[in-house]
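The lines below spell out each chain.
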Amino acid sequence: MPPVLELRGITKSFPGVLANDHIDLTLEEGEVHALLGENGAGKTTLMNILYGLYSPDEGEIFVRGRRVEIREPRDAIALGIGMVHQHFMLVPVLTVAENVMLGVEPVRNGIFLDRAAAARRIRELSQQYGLQVDPDALVKTLPVGVQQRVEILKLLYRQADILILDEPTAVLTPQEVEELFKVIRSLTAQGKSVIFITHKLKEVMAIADRITVLRNGRVVGTTTPSQTTEERLAAMMVGREVLLRVNKKPANPGEVVLEVENLEVLDDRGNPAVRGVSFEVRAGEILGIAGVQGNGQTELVQALTGLRPILSGRVRIMGKDVTGTSPRRVLEQGVAHVPEDRQKDGLVLSFPVAENLVINTYYIPPFARAGLLNHEVIFTTAEQRAREFDIRTPSVLTPVANLSGGNQQKVIVAREFSRPIQLLIASQPTRGLDVGSIEYIHQRIVAKRDEGCAVLLVSPELDEVMSLSDRIAVMYEGRIMDILPADQATREEIGLLMAGVKRA
Amino acid sequence: MAISTSTWERLSARGGISPRRARTYGFVFIGAGLLIYLLFARAAVPGQTSTFVLNFGTAGQTAPIPDLVLPTGPTLYALALVCAFFGGWQLARGFKRVNLVLGVIAGLFVLAFLAWASRGQSFNLTGMLNSALLRAVPIALAGLSGVICERCAVINIGIEGMMLTGAFTATLMGSLALNVWMWPSWASMSFGLICALISGALLGLLLAVLAVRFKVNQIIAGTAINILSVGVTSFLSSRILSHFQQLNNTGTMQPVPIPLLSQIPVIGPVVFEQNLLVYLLYVLLIVTHVVLFYTRWGLRTRAVGEHPRAADTLGINVFKIRYVNVTIGGMVAALGGAFLILGSVGRFDELMTAGKGFIGLAAMIFGKWMPFGAFGAALIFGFADALQTKLAILRVPIPSQFLLMAPYLATIVVLAGVVGEAVPPAADGQPYEKE
Chain B
323 MPPVLELRGI TKSFPGVLAN DHIDLTLEEG EVHALLGENG AGKTTLMNIL
373 YGLYSPDEGE IFVRGRRVEI REPRDAIALG IGMVHQHFML VPVLTVAENV
423 MLGVEPVRNG IFLDRAAAAR RIRELSQQYG LQVDPDALVK TLPVGVQQRV
473 EILKLLYRQA DILILDEPTA VLTPQEVEEL FKVIRSLTAQ GKSVIFITHK
523 LKEVMAIADR ITVLRNGRVV GTTTPSQTTE ERLAAMMVGR EVLLRVNKKP
573 ANPGEVVLEV ENLEVLDDRG NPAVRGVSFE VRAGEILGIA GVQGNGQTEL
623 VQALTGLRPI LSGRVRIMGK DVTGTSPRRV LEQGVAHVPE DRQKDGLVLS
673 FPVAENLVIN TYYIPPFARA GLLNHEVIFT TAEQRAREFD IRTPSVLTPV
723 ANLSGGNQQK VIVAREFSRP IQLLIASQPT RGLDVGSIEY IHQRIVAKRD
773 EGCAVLLVSP ELDEVMSLSD RIAVMYEGRI MDILPADQAT REEIGLLMAG
823 VKRA
Chain F
644 MAISTSTWER LSARGGISPR RARTYGFVFI GAGLLIYLLF ARAAVPGQTS
694 TFVLNFGTAG QTAPIPDLVL PTGPTLYALA LVCAFFGGWQ LARGFKRVNL
744 VLGVIAGLFV LAFLAWASRG QSFNLTGMLN SALLRAVPIA LAGLSGVICE
794 RCAVINIGIE GMMLTGAFTA TLMGSLALNV WMWPSWASMS FGLICALISG
844 ALLGLLLAVL AVRFKVNQII AGTAINILSV GVTSFLSSRI LSHFQQLNNT
894 GTMQPVPIPL LSQIPVIGPV VFEQNLLVYL LYVLLIVTHV VLFYTRWGLR
944 TRAVGEHPRA ADTLGINVFK IRYVNVTIGG MVAALGGAFL ILGSVGRFDE
994 LMTAGKGFIG LAAMIFGKWM PFGAFGAALI FGFADALQTK LAILRVPIPS
1044 QFLLMAPYLA TIVVLAGVVG EAVPPAADGQ PYEKE
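First to last, the sequence lines map onto chains B and F.
The opening position of the first sequence corresponds to residue 323 in this note's numbering, with each subsequent residue numbered one higher.
The opening position of the second sequence corresponds to residue 644 in this note's numbering, with each subsequent residue numbered one higher.
None of these hints come from the bench; they were simulated from the model.
Note that the coordinates shown come from a computational prediction; the quantities given were computed from them, not determined experimentally.
Warning: the hint list may mix true and false statements.
Stated by the list, open to error - Heads up, simulated BS3-like pairs for lysine-lysine below, C-alpha to C-alpha not over 27 angstroms straight-line:
1) B:Lys666 to B:Lys462
2) B:Lys824 to B:Lys571
3) B:Lys522 to B:Lys571
4) B:Lys524 to B:Lys462
5) B:Lys462 to F:Lys1033
6) B:Lys522 to B:Lys570
7) F:Lys1011 to B:Lys666
8) B:Lys524 to B:Lys504
9) F:Lys1077 to B:Lys462
10) B:Lys666 to F:Lys1077
11) F:Lys1077 to F:Lys858
12) F:Lys739 to B:Lys462
13) F:Lys963 to F:Lys858
14) B:Lys504 to B:Lys522
15) B:Lys522 to B:Lys642
What the hints assert, rightly or not - Below, a sample of chain F positions facing chain B; criterion: calculated Cβ distance under 8 angstroms:
16) Pro714
17) Pro717
18) Ala721
19) Val725
20) Tyr937
21) Arg945
22) Glu949
23) His950
24) Arg952
25) Asp955
26) Thr956
27) Leu957
28) Lys963
Even glycine gets a Cβ: it sits at the ideal position worked out from N, Cα and C.
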């Protein structure tokens, strides 16, 4: 029997990048085939080609032995290919049933939507595959894990039997990941085939039947979980040996640097995002804030750095009240901020590296004299920083937009770490970076801690929080569920707290 | 970490608005009561009455309804007290649906104003409601055009221009058929109407091409259509219509009472004794509502308006939906323009739409992008407009310039005060690009 899906020699280039270079891939019926690779390895491009969102420059696609052309998502859907995108493709103001039936709506009398029929079919599918969801609920009221079920139901409703899941666990708690794996097993047991895209090694080992590793747009190799280890996979992904654990000495906490008391903050729509949060961070320790994205972490960091108004509560840095002061006043207290979205909040993309390096100190000597910029000093300092922090750029006068994600992040780290600081607030410091850059940023953060700096680390990547932190606070729906010492915390315990469950 | 009564939870107990806003509402209600007392009630002479005539039209009225005669002074004092009481209640306890109460207070204030303005005189209330409806029709059509376009996320600022072009086309083609080709009246009006719809469709298509195909900023594209329409219609009007008067006279449609329904007291003759274009508006409102919320096309339109990428990944043609909706939107806007001619005055004047397209957009927002919501808002604007003309007749001691502001004032107050939380379609105004 031919494989369910076969890709042969798929090649796709974008201006300046060869995103997919002669990629071959086969998917057998009933298997989970993991596609493993770092950001930028070409996984998503490959799947977008398969789903008809991009057209390949070269290569052939076979579905059940038959050669096919996929020009549009519609063609993919007709061939039984369905995709759950990394960013959900759901319309928040519509109901589950409306989202699921969109595009293939059942109608009565040839005109009127038959919502009841759709809801009935959704209930049947829910039963069959263990995907509990209420067809009449509005999507915007559902937790992320349930929204993902809706996405999977969309595919099943269209009778897809090749399911592509693009980074499906990025937004889930560990328990929700377990749930998802159960669903995936139930799908494959009933004859569906799954392509599982991820960069997380643990998950690949847990769920995949076969693993194909991509690097720089090429297939590095295909293997199975029983024939490999996490370390070997990591080496295949990166192309060299990498350290998966962070080496650090025990913390040596000193005086309290950051003190947060009953903080309440609203989000952009005026809803409560942070609801009465209190904690403190001491010099020489890393406090990690774990939690699924969207539970108030963003707003908490913005409030601490003066970027968002505070509804009530107190923030003290080195004993000084900085509640509601300007971002500049906060920075001048010796606070470094590595923002969550480096391109939006961390850098001015069209400015050169050199100017980005002084964008929070340009107004003080030696960078400014009598209100005028001293370009000479700015330039020489930038060259020195670029060497010191290994920023790979043609020149410090290159616009920062032309740098890779990892090097952009190094520009921010260089800028923030080369000031005298007492407190480092790092929000998702390794988001979207390759394993090599992650290693580097992690070492830098630990080094800052060892110098006696207080570190507040916010990250939805549980592994990152667990390996770096000395204490772990778990945030859920704007509240801190608990603060645990890192050496005593287990994944299970933190996972439950992330889901809002606190054991007595 | 027990935070049982966080600031937010204290807020949500008061209908979801901040304590400061809730207090402001209370003071506004009391202020309305005070104003009724200071401005109106004190002017009333004891024994004076306000008479509201409730009959309108002559056709088919079997039993005339007796006029409503209110003692001016006591009525005004009562209204002032009710407003003040609502204000006090809001300050002390707080209403759950405070926006609804705000609407009620606004209604009471208008009633007080009418009672004051018509003191010692008689005021034809039904006549004014009729005039309000007629003035609301073009605004409602403009609003409906906005709903149809923006539900699929194309902002149509060009409604004003589309109306103007529709009005001009209806005049020229209708008059041509009637006075030159000597067609019967109904045929030439239908011809004028169809030509107007075609002109609207073409302008709609133009907007769609600019906004969808070329991804031009939609505000600019719409403004270009407005400027184009003003220029072309004014030029042609001064070159053709002013020289050949027979080309600027279409005649107007006569009211057609609907049997039984037009017999309903007060409301009947206002709502169901109108010309065919008004009935066409009713039909369009119902059809648009049903299409938007109960058919495939509507579901897809709304999905495209909220999350075009999601619709695209499900195989829905985002561009096609936008082209079709915006073209239909242009036709509905042109129908609004045609109504100004065929359903109202029968001749074209330069710039005769006078901002009705923009007020229609305000009606769309006030009506939260719902067809009947936009219609309701259009009725309020039409009422303000009608009130202004009636008051001039009642010799109210307010400068007529101020009265002319009334509809626009109502627009601003409504937009700023009541609509605060109206949420447009999430992708509104954003061109869609395939990856």
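Structure-inconsistent hints, enumerated in ascending order:
2, 4, 5, 7, 15, 16, 17, 18, 19 and 28
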